Amino acid sequence: MTEQEILDALTRILRDLLADDSIVLTMETRRDDVDGWDSFTYVNFIAVAEMELGVRFSVTDVESFENVGAIVSQAQALRR
Amino acid sequence: MMSWLPAPSDFRADLRAALEAPDSVERLRKLSALSRSRLGYLETLQLGRALSRISGEEAPGFSQARLALLASSTVDHLVPALRVAGLRHKLLLDVHVGQYGQYRQELLDESSPLHQFSPQFVLLSLTAREAIAGAPLAAGPAEADAIVGPTIEELRVLWRRARQALNATVIQQTFLNVADPLFGSYDRLVSGSPAQLIARLNDHLSEAAAADSVLLLDIARASERDGLNAWFDLARWLQGKLEIAPQAAPMYGELAARIIAAQRGLSKKCLVLDLDNTMWGGVIGDDGLEGIVLGEGSARGEAHLALQRYAKRLGERGVILAVCSKNDLATAEAVFHEHPEMVLKRSDIAAFVANWNDKAANLQHIAAQLNIGIDSLVFVDDNPAERARIRQSLPMVAVPELPDDPAHYTRCLAEAGYFEAVAFTADDLKRGEQYASNASRQAALASSESIDDFLMSLQMSVVAGPIGAVDLVRSAQLINKTNQFNPTTRRHALEEVERFAASAQCLTLQFRLTDRFGDNGLVSVMILRPDAEASDVLEIDTWVMSCRVFGRQLELEAMNTAVEAARKRGIRTLRADYIPTPKNGVVRELYPSLGFTAVPDAPAAEGASRWILHLGDYEPVKTHISRRTN
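If you read the protein sequences in the order shown, they are chains E and H.
Going by our numbering, the final residue of the first sequence carries number 242, and the count climbs one at a time with no gaps.
Going by our numbering, the final residue of the second sequence carries number 646, and the count climbs one at a time with no gaps.
Just so you know, these hints were derived from the structure itself, not from any lab.
It should be emphasised that the depicted structure is a prediction, and the values quoted were computed from it without experimental measurement.
Backbone N, C-alpha and C fix where the C-beta goes; we use that ideal spot for every residue, glycine too.
Be aware that a few hints might be false.
Cross-link-like lysine to any residue pairs, in silico, SDA-like; alpha carbons within 25 Å at most [to be verified]:
no.: 1; chain 1: H; residue 1: K328; chain 2: H; residue 2: C428
no.: 2; chain 1: H; residue 1: K257; chain 2: E; residue 2: R218
no.: 3; chain 1: H; residue 1: K257; chain 2: E; residue 2: F227
Sample of chain H residues facing chain E (criterion: CB under 7 Å; computed from the structure) [unchecked claim]:
no.: 4; residue: Q62
no.: 5; residue: R65
no.: 6; residue: L254
no.: 7; residue: Q255
no.: 8; residue: G256
no.: 9; residue: P262
no.: 10; residue: L471
Every beta carbon over 12 Å from chain H, so not counted as near; a handful from chain E, in silico [unchecked claim]:
no.: 11; residue: E190
no.: 12; residue: D194
no.: 13; residue: D197
no.: 14; residue: E212
Take the sequences, apply the hints, and build the full model.
Below, the structure written as structure tokens:
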């Protein structure tokens, strides 16, 4: 998967979780930038992203992702 | 997990169509259809969200229930899964989640949000960590008992509290055994090892639950089957204190919804089996008795045999068995009579339909013949086209998505959990026999000159009495399972029935009917409660009768008995409500037919009617049932 494909997949997941198709994620988006992306939604987001992308993030990753770009690049690294 | 459900065709499109449906009934119908497909975690969350926009008033035909989920871990992610699974089982669940880890306080404090919510079901979802923390490894069996004992005793206090203060049915989750091996296989030989302590906790839990009639949600068993990693994800535990892994949430909801549905009488009652390539390999009409594959010596033959054995066991525990096959009747029946490897016998099958008609029509015929609702049928057929046809034309019939390989038929049916039970009684054990003797009764009816002759020829006798300790489980089961002969459709948990039976103000009656073909067991229950204002009035809160004994005059004899017992207490009037449901049309005219008169302008729910009987005017009705005292 390319970076863009992973970004698209993450965007769709967050849209589905929050039932909001107007959400647009970029590599720079941070959790605070999206309404409703609270810690519970973040747990769900990571869980679903792992299922759909076929990766497991480490607890260190999950605690330290600064923005969507960090998630995308880690997902891509794990898929290699 | 959930392999018995067919995959959704296009989840997003179907969900959108449901949300855009013109009215709430149609929306709910579409959401229900989606809930009967195999959904992942994200899809379950989405469907749960869509469902949260539907209120109870908009859901005719659904049973509504308030469920409180009390937990010592994060359980918010289970709520959509519970509601979606509820929908699959015709339940509209309102779920209250207790404060994290505050279940003791919430149960004890009568002003807590939990008490205001007034749940009908309390589900306790607890982790084993607290219970075994700090236990010494060197603990011997006695010390291990002393370690788990207080946890169990505390739970029993909480169960009692939930029942007495909330009047709720308690469901206790078994403990997931999340302990890592410490000694390896040797763990099992060390009573103080964490894994062994949790195992002991579960042993004591089941004993206590059985003693207290508490229901168990057995996720420990489910995790043994699916693997602990499927149920428990350490990363999610560390990240958010989720003990149930998100990927297991849909199955968790399903297991819990089954129990609630069973308590509400919504479990399936009858297993309808296809024959060719389901009960045996091959086609009897083409391959003949020698050509079909069934029995020991062939893997495929044993696979079909395994399904027969499983069906036979289901029959033994009270599930009605039926056959629905595209075959000539004589050809199909011959296999049951003549094939030496057949485990199922013709006498095990209560309704046997083999013809060339449409199977949807045949299933309706089977339900009518057995006098049960079409929605209590499970239809097992290897043919995907037949399955799709039934799902489309009879969506209320459960149709497991059998895998291609017959090796897995039995597991698929078993995991679908259609026949979830909340009790197991002597009556269940005899049900097969009773349906078989019903066939003899039908034959007697066919050869009788008149209904009167027929009823007389049955030589019926009834034993009536108050609900005693030995009758409690069966009485509660009948109250909670009966949909047809049930004028009020009020459900009462075991402990409520016990309370009615113990109350001096209430009058409870149970009826056992015997005839020359056999003992029908406890087939009718009545609960009459005092009127708040008039001391000489009793109200029929609940009256249920098994569909097996319809048309046998038992309702007349039961009313004779009730009037007699009421008169002895100085009661002058009986009052009764009829609250119509889609299923209880059979008792619409019950009260007028028994001599009750309508109370005009009675305050009642929509469509309901109120009836009274002045005991001074009542003449006992003559029936063909004699009374026995045991």
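Hint numbers not upheld by this structure, sorted from lowest to highest: Those not satisfied are hints 10 and 14.
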